[in-house]
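K.L.:
Each of the two chains sits in its own frame; use the hints to bring them together as a complex.
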Amino acid sequence: MSQTQAHGPAAEAGEIEMLTFELQGEAFALEADLVREILDLVPETEVPGAAPFVPAVINFRGKVIPVADLRLAFGLERAATTLDSRIVVIELELDGDPTLIGLRADRVHEVARVDLGAAEAPPAIGMRWRQDYVRRVARRGAEPLIVPDLDCIFAARGAAGAVVTPLRPNA
Amino acid sequence: MSEQDPSEVFRIEARELLEQIEQGLLDLAGRLGDRELVDAVFRGLHTLKGSGAMFGFDALAAFTHHCETAFDRVRKGQAPATPALIAAVLDAQGHMRALVEDPGGAGDGEALLAALHAAVEAGEGAPAAPAPAAASRWRVAFSLPEDALINGTNPLALLAELRELGACEVVASTGACPPFEALDPTRCHLSWTVELTGQVAKSDIEDVFIFVMDDMTLAIEPLSGDAPAEAETPLPAADAAPAAAAEDAAPRPQPAGEARRTEQTLRVGAERLDELMDRVGELVIAQSRLKQIASQSPDAALRSVSEEVERLASELRDTMMVVRMVPISNLFGRFRRLVHDLGRETGKSIELVTEGETTELDKTIIERLADPLIHVVRNSADHGLETAEERLQAGKPAAGRIVLSARHAGADVVITVSDDGRGIDRARVRARAESQGLLAPGAQVSDAELLQLIFQPGFSTAAKVTSLSGRGVGMDVVKRTVEGLRGVIEVASTPGQGSQVSLRIPLTLAIIDGLLVRVGRGRYVIPLSAVEECVELSPEQDLRSTGRCLVSLRDRFVPYLRLREVFATGAPPDPHQKLVVVSTGEARVGLVVDQIVGDHQTVIKSLTRLHADVEMFSGATILGDGGVALILDVPHLVETGQQQERRLAAAG
Chain E
1 MSQTQAHGPA AEAGEIEMLT FELQGEAFAL EADLVREILD LVPETEVPGA
51 APFVPAVINF RGKVIPVADL RLAFGLERAA TTLDSRIVVI ELELDGDPTL
101 IGLRADRVHE VARVDLGAAE APPAIGMRWR QDYVRRVARR GAEPLIVPDL
151 DCIFAARGAA GAVVTPLRPN A
Chain F
1001 MSEQDPSEVF RIEARELLEQ IEQGLLDLAG RLGDRELVDA VFRGLHTLKG
1051 SGAMFGFDAL AAFTHHCETA FDRVRKGQAP ATPALIAAVL DAQGHMRALV
1101 EDPGGAGDGE ALLAALHAAV EAGEGAPAAP APAAASRWRV AFSLPEDALI
1151 NGTNPLALLA ELRELGACEV VASTGACPPF EALDPTRCHL SWTVELTGQV
1201 AKSDIEDVFI FVMDDMTLAI EPLSGDAPAE AETPLPAADA APAAAAEDAA
1251 PRPQPAGEAR RTEQTLRVGA ERLDELMDRV GELVIAQSRL KQIASQSPDA
1301 ALRSVSEEVE RLASELRDTM MVVRMVPISN LFGRFRRLVH DLGRETGKSI
1351 ELVTEGETTE LDKTIIERLA DPLIHVVRNS ADHGLETAEE RLQAGKPAAG
1401 RIVLSARHAG ADVVITVSDD GRGIDRARVR ARAESQGLLA PGAQVSDAEL
1451 LQLIFQPGFS TAAKVTSLSG RGVGMDVVKR TVEGLRGVIE VASTPGQGSQ
1501 VSLRIPLTLA IIDGLLVRVG RGRYVIPLSA VEECVELSPE QDLRSTGRCL
1551 VSLRDRFVPY LRLREVFATG APPDPHQKLV VVSTGEARVG LVVDQIVGDH
1601 QTVIKSLTRL HADVEMFSGA TILGDGGVAL ILDVPHLVET GQQQERRLAA
1651 AG
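Quick note, the sequences are listed as chains E and F, same order.
For what it's worth, this note's numbering labels the leading residue of the first sequence as 1, then goes sequentially.
For what it's worth, this note's numbering labels the leading residue of the second sequence as 1001, then goes sequentially.
Don't read these hints as lab results, they were simulated from the structure.
Watch out, some of these pointers could steer you wrong.
Just some of the chain F residues that point at chain E, by a computed CB distance under 8 Å [to be verified]: (1) E1282; (2) V1531; (3) C1534; (4) A1568; (5) G1570; (6) T1608; (7) R1609; (8) H1611; (9) D1613; (10) M1616; (11) I1622; (12) G1626; (13) V1628.
Backbone N, C-alpha and C fix where the C-beta goes; we use that ideal spot for every residue, glycine too.
Okay, chain F solo, but in the shape it has when bound (with noise of 0.2 Å):
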């Protein structure tokens, strides 16, 4: 792979920052006063402007300049931090993201610096955040860390600075410089004590050390008794400054240049991953193919590599597996953002709760996850939540509240948005699948399945479509969407008490346990999760069910296919059949294969686009004697079955 690009390495850059900063904007909509976070927020908002003037996304920089001032005068107390204010911000952001996408093409955006200008200067009458004392003399005392000279801080640079505060007498102290022979001349040993006379607030010399306060030590009193009376007892500034990153797991606004000691990361690229994975799973395949060959020789020696061999890459594909998963709290975090637009747009007051946001998963599925979510998401806010006066006449909190929550199962997580609104309406739901020709009129179907039935492509019960929802393209494709990831999508709903959607999705896409199976001359995978239970179809019981494939197993009916059939594999059924039980949710079905022949840890292989419209395979897999087996798809098999069960019933 080539040098990365410059301008590429700052778009990454810029869209942390401004997640960041919207995050901080979120949280200081709920606690205005906070100054930890105008801070971080200012920050983020200079850091920004800075990179993207370094690289040369002028229109960004500039900007990214009002909303820097803006927040710069809540900083200085000037103006209070304001609702509209943050709205203003927060809606500003979207242009800024696309001037970092498209520096030339993004509008200019004078609507956006309008409604900005207007929300500062409604709050300059506003009575401002008490503003910092001002004291005539101060001391500060400062000591950088060992490395800053190496990552590009000038101490000079910031005497210079406070020296343009006021008079400055600086005093260097030498004390911690090691004996001249172990002097490393690039390590920075020095302190300097700065005596300031001049009128000038504490934040104002904090400003000076904005981007090195994380790591350095520093200490401001006001000298000689002048003191004013609210003076703040001198802290290290690395207790002060880090407040907010405790409440904020994500790692804060890291100035150009100043990496972190500790924090040994590296950035690859997510393709850079998928290689690798792609390589261990051929290690694991070929290592398989050992395993079989040590296992047929009589040679100890090449059986205890094969082992050993076995181990290593079993090891180095859990270390894999740990190096692709993300926490969810990724995902969740913007979500933040949509429901705080969707309260905006839908006029209702939503509350957000998120649990379980260090839920681990790959990488690839949290980001194919996000669409389905945000679908689910709207869904509540738009149809689930009712307005605040219905809210109330209802006896509910005026405030709806949607939970997002993950949390692991097995080998599964399990994402479920779950809302306290007036809950699905079956009635409706009949009335409209009736209406859409999904369901026949009066048919008898259970709770469970009438539910289903809003994942069908087409459907939408909401009367009115919205901007939010209810164009009829949403819950089909989250279903698919989910299932294309091997997962299921589950809906509960109690009327009045609202309703709950369940995503249960497998951890990792890349390896899954399967239980391996012969039809006719072919092998096939069946996910292991899916599996329920292998049980012998007995001839007889074949025979006689030729017309209803249907059997009984512990007093439920559950309709099966012969695989042989529907692979069109034109081989004689062996005489012991087996009928290997599979379910997604509710649904069973049952699967008559020859032959049961073990499980198989599988790496899977996508298809390719040739075999898009191959329906019953969700992908292949390398077997240990290098051939191919294909991996069923369990949901559109129990569905195929489950449609056959219903021509059945209908029939008679």
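Just chain E, with the same shape it has in the complex (with noise of 0.2 Å):
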């Protein structure tokens, strides 16, 4: 598998401002202008019949978005919500029409001034997720900060498996 090309308009700047946030206590960031708020947690309304990927909907500022769980995509267990629970709303472009998304997440750290361009492609072994979900795998402080990529994962719809390396048991 050949290494994959960062896109976007992180590709070329150096250090580019991020959001943090985590999933089952992995740290994961994406680029800050992507996100348009920030959610407590609402009530969501779940859809039947939907793809576990996008569970529910849940208004937002009058109109009606889907949620989506990045812990399917990375396989990662759902947890309970916690009084940390978020919801991150972002805009991102579906087919060609610029769709507002919120992701969930357990927790929503700090933006951070990330160096993509020091960041590391996704390293072939030692990741238990399709490679080609991550973007860039950059660093904060000791700890991997995972950059996914949101465009190939929402092409996909979320779907797990297919190129998985797992090197430990999933939790």
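P.N.:
Have a look at this one:
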């Protein structure tokens, strides 16, 4: 498998602002300019029959937007919501249409400047996730900071499986 | 939103002009001698050429010039209007459209021009329309509307053009001028009398004023007894010109820069209207939250404000609905061309009758109805109507008839396409369905169910594939589109007499009346138009019918679905479940819910592509408390229920 090319505006820029958040203890980051709003927990409406990756919809300022659970894409277990749980509303192009999507997060940290140039391409081994779902692995202190490839994840509708190289058993 | 691109402005105008030219041509095909129509078509072509050149669409201008020239000859009586000429210009229109959309990439249209020239030359020999009478001296009296100068008309240019026709003596009349202190220099108060000497036809003089004629007064009379015998009595041009306008409610081509005084219309992008609609929708939602809060408050002032806001919001919503409505004649107009072309392709003679063109419908719905209706009309022309010989043998008039009609029925509009053709051949439908595995051989189905089979994907009874239909894509796409609009499609057919396809479409997509129900912990909205009745499902009935989900209502068995199971809520059922009976056309199905909350006017929000695979819901809505309720897709649920019933019936 060839090295995944970083794309989007982040590819050229050195340091960019990224919102960091947490899912099941793993740290993730996404470009701050994708983020529209961070919501405290709002009542979700389950959509019977929908894919587990997009299980619900919420009312975001009078619009009905889907809620996606990145944990599904990364094979992480769903945890009960806590006081720290948030929904990160991002705007993403889906098949050419800009679409608002809520992402579930266990905890949202700060907006940090991350040097994507210094970030590494996802390693071919040592990860238990679909490699194409991970755009970059940046560093925050000693901890890896995962930059998910949202375009790829949403194009695949969050289907887990396929290119998985498990090193440790799934939690 | 940013400034509009000038060429985009031209494209919009050009599309309208082309449509008007097309309508004019089609009218003309029926009344070859009608001079008004010839003039209208010529003016449309002339404006198209002129504005095309102005906006840099040179290829379009050059091409249109040939058509214009051809019509100019007709107008001047040098050539007659022939069906061949009209057909040639109609054909050329496709090329003009292509040049409007893509000035560089649309071939050169040589073949079309050749056909056009052939048509013009073929007409040369035939007796032309009587040449307009010519006289040697004319008196031309004219006055312009007051705002003519502001609108860019230059009277001097008109006078100069008259001078080109012959020697002129011009007298300006200042009789209508107001006193000096009241004089507005930007207004035109003068009128002119011109004595013109020269061998010119009356129509040549009229041509000078061709683009200002609609608003001005013009009298042209021959002078001093040498008037030709058939000289027409002078008529104010305002009467003569727009006779065609009365027949055709669509606005006539307006020369650039000469907007009509009385028409206060505004061109607004459809997406801006959509935005506005969204805001109104949000307002309605916010208002229902306010109402909920106010109803729990003892504050009388708050309640009265809340009521006022409610009234305003509902009026605003109604106004918004009206703004989005357009008459369906916009849509029906396109079918005249289609039927014209279909007639030529199939060699059948087809007459199109439209009824109820003034029926109004939401603009987005009209746009989305175009393709399905084209399919249905094509089917009628291709499969339904017989050839002229077959028709005569069957004792019918040689020309087939397709009727397009629209009418209101409650909150819906019913659009019907009917033909007087051979009708749907049941035996062939059955044979085809059996060979496709859509129907078990020898299975008993009702006539309505048999006819519904033509909407199955891949179904086509056409023995041979033509360019028009018979590719097996069509009716199923039609059905899906109509259901996507929350509509219902029905078909009726009498062998030998013809068929009728009815599309029942809600007036608007944006707002529906719904029945709010609760299933488990979730709340759902059922479109009220689909609800037939609500009955209690007693625990005994519920228990007894675990094996076969059928209840008897008024001597008919109705299959039902337990939404709790369909949605896998996992919650225990309420002790007093309700059965909401919904229907699409003939088919009925019951939906078991835990509670009926009440009726609810709903602003529909569509679900994103991420939920495109969820077929049970057609959208979502925001409730008074800010929560989201999903809207059930009734046709889909009914189909699920019917399938279940069929399975049960097959099992025994």
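K.L.:
Need the list of violated hint numbers for this structure, in ascending order.
P.N.:
Numbers 2, 3 and 5 - these are the hints that the structure violates, sorted from lowest upward.
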